[in-house]
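Listed here are the chains, written in short residue letters.
Protein chains: 2
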Amino acid sequence: MGHVFPGATVPFGMVQLSPDTDTIPYEMNGKYNPDVYKYCAGYQYDDKTIVGFSHTHFSGTGHSDLGDFLIMPSVGALQLNPGTAADPASGFRSSFSHNNEIAEPGYYKVKLDEGNIMAELTATARVGVHQYTFPASNDAHIILDLMSGIYNYEEKNVWTFVRVENDTTVTGYRQTNGWGRTRTVYFAMVFSKPFKEYGQKNFSSKQVYRGFWGKFNQTKNFPDIAGKQIRMYFNFDTKENEKIGIRFALSSVSTEGAMLNLRTETPKYDFEKIKAAAQSTWNKEFNKVQVDADDETKQNFYTALYHSMLSPVNYMDVDGKYRGLDQNIHTAKVFTNYSTFSLWDTYRALHPLFNLLQPKRNADMVQSMLEHYNQSVLHMLPVWSHYSNDNWCMSGYHSVSVIADAVVKGVYKGDIQKALDACIATATHRSYEGIGEYMDRGYIPAEKNGTAVSSTLEYAFDDWCIAQIAKKAGRNNVYDTFMKRSQNYMHVFDASTGFMRNKKTDGSFVQPFDALSTNGQGFIEGNSWNYSFFVPHQPGSLIKLMGGDAMFTAKLDSLFSMYLPDKYFAENEDITRDGIIGTYVHGNEPAYHVAYLYNWTSSPWKTQERVRMILNHQYHATPDGLGGNDDCGQMSAWYIFSALGFYPVAPGNNDYALGSPAINKATIHLENGKTLLIEARNQSAQNVYVKSVSFNGKSISKPFISYTDLQQGGKLIFEMAGAH
Amino acid sequence: MGHVFPGATVPFGMVQLSPDTDTIPYEMNGKYNPDVYKYCAGYQYDDKTIVGFSHTHFSGTGHSDLGDFLIMPSVGALQLNPGTAADPASGFRSSFSHNNEIAEPGYYKVKLDEGNIMAELTATARVGVHQYTFPASNDAHIILDLMSGIYNYEEKNVWTFVRVENDTTVTGYRQTNGWGRTRTVYFAMVFSKPFKEYGQKNFSSKQVYRGFWGKFNQTKNFPDIAGKQIRMYFNFDTKENEKIGIRFALSSVSTEGAMLNLRTETPKYDFEKIKAAAQSTWNKEFNKVQVDADDETKQNFYTALYHSMLSPVNYMDVDGKYRGLDQNIHTAKVFTNYSTFSLWDTYRALHPLFNLLQPKRNADMVQSMLEHYNQSVLHMLPVWSHYSNDNWCMSGYHSVSVIADAVVKGVYKGDIQKALDACIATATHRSYEGIGEYMDRGYIPAEKNGTAVSSTLEYAFDDWCIAQIAKKAGRNNVYDTFMKRSQNYMHVFDASTGFMRNKKTDGSFVQPFDALSTNGQGFIEGNSWNYSFFVPHQPGSLIKLMGGDAMFTAKLDSLFSMYLPDKYFAENEDITRDGIIGTYVHGNEPAYHVAYLYNWTSSPWKTQERVRMILNHQYHATPDGLGGNDDCGQMSAWYIFSALGFYPVAPGNNDYALGSPAINKATIHLENGKTLLIEARNQSAQNVYVKSVSFNGKSISKPFISYTDLQQGGKLIFEMAGAH
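For the protein sequence lines, the chains are D and V, in the order given.
Position 170, counted from 1, in the first sequence is what the numbering used here calls 170; the numbers after and before it change by one each time, with no gaps.
Plus 724 on top of the position in the second sequence (first one is 1) and you've got the numbering used here.
Hints are computed from structural coordinates only; laboratory data are not their basis.
Virtual Cβ for every residue (Gly too), placed ideally from N, Cα, C.
Any given hint could be a false lead.
Using C-beta positions, here's what the derived DEER-type ranges look like [stated by the list, open to error]:
no.	chain 1	residue 1	chain 2	residue 2	range
1	V	Thr893	D	Lys567	49 to 57 Å
2	D	Val334	V	Thr893	24 to 32 Å
3	D	Ala621	V	Lys944	49 to 57 Å
4	V	Gly1134	D	Arg210	39 to 47 Å
Let the hints inform the model, and build the full structure from the sequences given.
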């Protein structure tokens, strides 16, 4: 349920070429099909068949889209339907075994049993590279399925356009109306060997005007193809063990753009060379953090590091052109444009991690978000954006936190005033999700919005972030306004119960109140127990609100220890039972910072204990190794920070909260050329408590360390112990 | 049934902004709705209501498309359905009266009775300009109907995308799957006054993924709109007689392109100034031919001249960018790119007319066709192309005739070798409409194609055209090959009956033969009686085939005199009873040259008589003034040539056949700066026979004159008489 995929990609690559084990429909009988959720990333480990290999995937999401351009090799009688998992021979899909499957960064290999075909995949940023090793056959096929997709339904396919340019080259595009409402992906596909014939079938049940096109036999060897539901095939004669390769480039701009990407990134078909380059790129990234730890921790760490580089993705052609939110073509002249911003998730730890390990990329991501704002007719920063669209998933306006963190840490070097203007415009968009009410009353009344409490809490944090940018920008009025707004969490705090609660327009709290329920209490993906701790920017004030150190600590203890009754568990989204510790829901975003809140109490050792427990329980380098969706790398980013011994509780703040490192030693090669060495001396499964910490020889008295300090490089040394 | 429209446009303008009197569906209960044919140009004179004003129209076609972006003003309760013609108050449509309607070149005005709104339209090449004079109302609306179209059905609307940029500016695009299979038109719309509110309704019965877009109230004042079936409204308060103006720009490239077109061509809203410019542009064109004639002839002549400049249309942004056949964006650097090539029609007289009156434009049209070829994955020149599509309507590969005529007459100054290559590639595309069979056997066997005879005849003529280019290009082998092919008409001539007939693979003719029927005899839109004269490139040979001068003349006489029985008339397409003279079908393309064939006999006076008869009978400056579809100006071009006294029987040949001028005098200002004066001395309704002709003082003995001669300017003087 991590919703990750095993396919081939390079770090932050647009092409994420991976097997899809099923393509079940988004709807059954006009209703949402809950099973579709399993296939957010196209792959489920328990499945016994593979439908094909498609070029775009989200990593770790809880809603989905993409799965563009599914390719599948086959031999024997041509089949243009995928068939069923129960009877793979009924279609072009194939059974496979995990014994015959290898997944490495930048490389994927699987034997397709049905046709005895070995499939291998690798990629560059914009080109998926396939290699299929066939048996001898005069009836070998490569299917190009232009209908298949993730979260698919017939009306999702808006239009398809394909040109068979010659006997090795195919270009075209696919336009969909899914999570991305108006999405077009262009492609260019080049075979390593000429096909002997080709054809297509249009599966649309809807009339497509044919007119004088009826003059042509469009089903076979006809190069000019368009329609709503199209599958194509290309036929070959193959010798025993003959390899047929495909370079498959994507573009958001045009088929010309896709050809340019293909020619630039893969000037010729050389699978081994491209694979070696992809793996070398990964190793370069991994080597930025050299970790000494026990094997499991090491596996978990690099698995997490891998997952942290699967989104956002590069979203421009090699010449800088990309399709903007306005559907016009823009050119990124001095930055790399990125797409896939799952911001409700990733502002928390993933973008802060990029500020540490990928500051240049993160600055470009901030720039990409600001360009999104420039292109937005709503004049808003992205909420959940992908492929020239915002899908508006989840809540808050957390772009501002990503921007604030990059600004405060000096990573974003662009125009801070403009960035601030974008944040203000977004945070004052009165018609968006109760912002108007929030501005007028300091909270969103329960009557106005189903997630009034969580949005009020998230807005308050985001407003604090905006204030931090305003401070740096020297705009005191803005600072004052947003610092005032940042305290709005107080308006939904009910002192009588000690919980954050849904408040009505008249100021009274909604009855009945159930702090464990996520339904109808004004929260999104979380209950009051988890959300009541969501004041990451002002934990001290929250502790005061909740009755001081002792009461707060006891409450936190309860969160981690009280068993969540099954009826409440069933209400949770995007999480497995294992993803819950007591009532604390790790893997759902509202709680990620919570274990670190003990740092503001007199018991920071409880942070250390809890963090190590979570690291041990919630992450395993196994197919079911994640207790919840990886959420575009957010869950993995939590692991990386926590395993290194610190965490950004409030992105937008320069300080990290210290925890309990799970590694023995880590050498981080910072982008500024400095080296940061982290040592956890005497660390073990038992020795999870921090006796003392020093940075460059100076003892650290409080459990915090600043980003600025770490950027100077040097040694961060934890002395660990078995008791606090 | 001329299928012309009364709206506002400039010569060859992309925007053709005209009232649509109905928008009936292309299909009823899943079947073609024959009534839709009446609405090819959106307007029927007998209709009592107007649905709105849309920006794109074909002039004179027999199939259709377009009708993009229908705009309608209204007052009172908002209605987002057009309502019915029987009860216009049931929707936003309005009744109107021809008494309150004015149509001038570049200007259209009508009073909309329902809301007592005066509507005025004018245009630039790429911008439609609306002016609506409202009564006093606090409930005035302007509807933007993005669903409406010509030849419309629900699935035709593939996608719509709209952004309300601010309180006066709207941008977006509409993508359709109609006659143009993959067609996208972008727009930018600017109101002269801010609207007070706006909204939209999505009429699609199909699911459109909503997801988190449900957060928004998308129906009102929400600027980010997309879907399959959308109508929008913009509300205003109006004072008595307040004018609200709209500039509405089109682009094939992007909304940015549309904005660029809008800002460049109409930097500000000034209806009267834009109207004056449009009318001045028309007058400049009309003044190229100054005609002295009786009133009716003059009206007919300038009506025809007007109709001859409604297509092809300018199809690029002001910066030269346009969407090519490959759906990529191309830039026309040194020519104007044109679209809408109805070549089965227009190669005959319209493009030859352009060689006389618009050589620069015609050279660019040839270049546009060659660019189409460059972009064609089928490697074919256009057959019937519009808006980055080929719709493949009708038969032949008549692009080659347009190219040949422009090459032979020295009008096309580009690379002749490349042009020839494009012609050869098209004419040897074996899988297209029997070309392979035609190449192998010299004719298309009846079993292989439903229009085997007419295609064989048309290919033979086209091949002769290609030979003419080859001659000029100095490629003798090509010349020989295609001159040989140009005689293929002989293979379908049946000497025993004297008619062109459907021949089977075994060489025998299909039985039963019916020379009057257009059904199942191997012809498209014509019967053997009409098509048997289709050897425009070698009339002398045809006369010989048909038994010599006397027999041929008698046969031609019969064509014009024998009454076509009703049962055969019913088989005809695109023609009214009045469009038929005897069995000669004027207004359907195969016959246009036929009246001129007497010039090759001993009785050229019969050409003179027939031509004048056709001029009198088939053209009137009245709502029902055309006996058949104007076919993108082809029928009108016949009028212009014939009224001036000559006609291009075989485009690709440098010579015109002389007829009988219907004007008294015409002064043609040639583009080369020369002036050509045509005089028909003593011409009258009775004096239709040509006693003698002289050019620049030299008597002309044969009834032909060359293009080259006429290009020198001077005087072409016909002495007319009442008897031959």
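To see whether the hints hold, each was checked on the structure:
1. The beta-carbon spacing between Thr893(V) and Lys567(D), approximately 53 Å, falls within the hinted interval of 49 to 57 Å.
2. Checked against the given bound of 24 to 32 Å, the beta carbons of Val334(D) and Thr893(V), roughly 29 Å apart, stay inside it.
3. Here the CB-CB span from Ala621(D) to Lys944(V) is close to 51 Å, well matched to the stated 49 to 57 Å.
4. Between Gly1134(V) and Arg210(D) the C-beta distance comes to about 41 Å, which sits within the given range of 39 to 47 Å.
In this structure, every one of the numbered hints holds.
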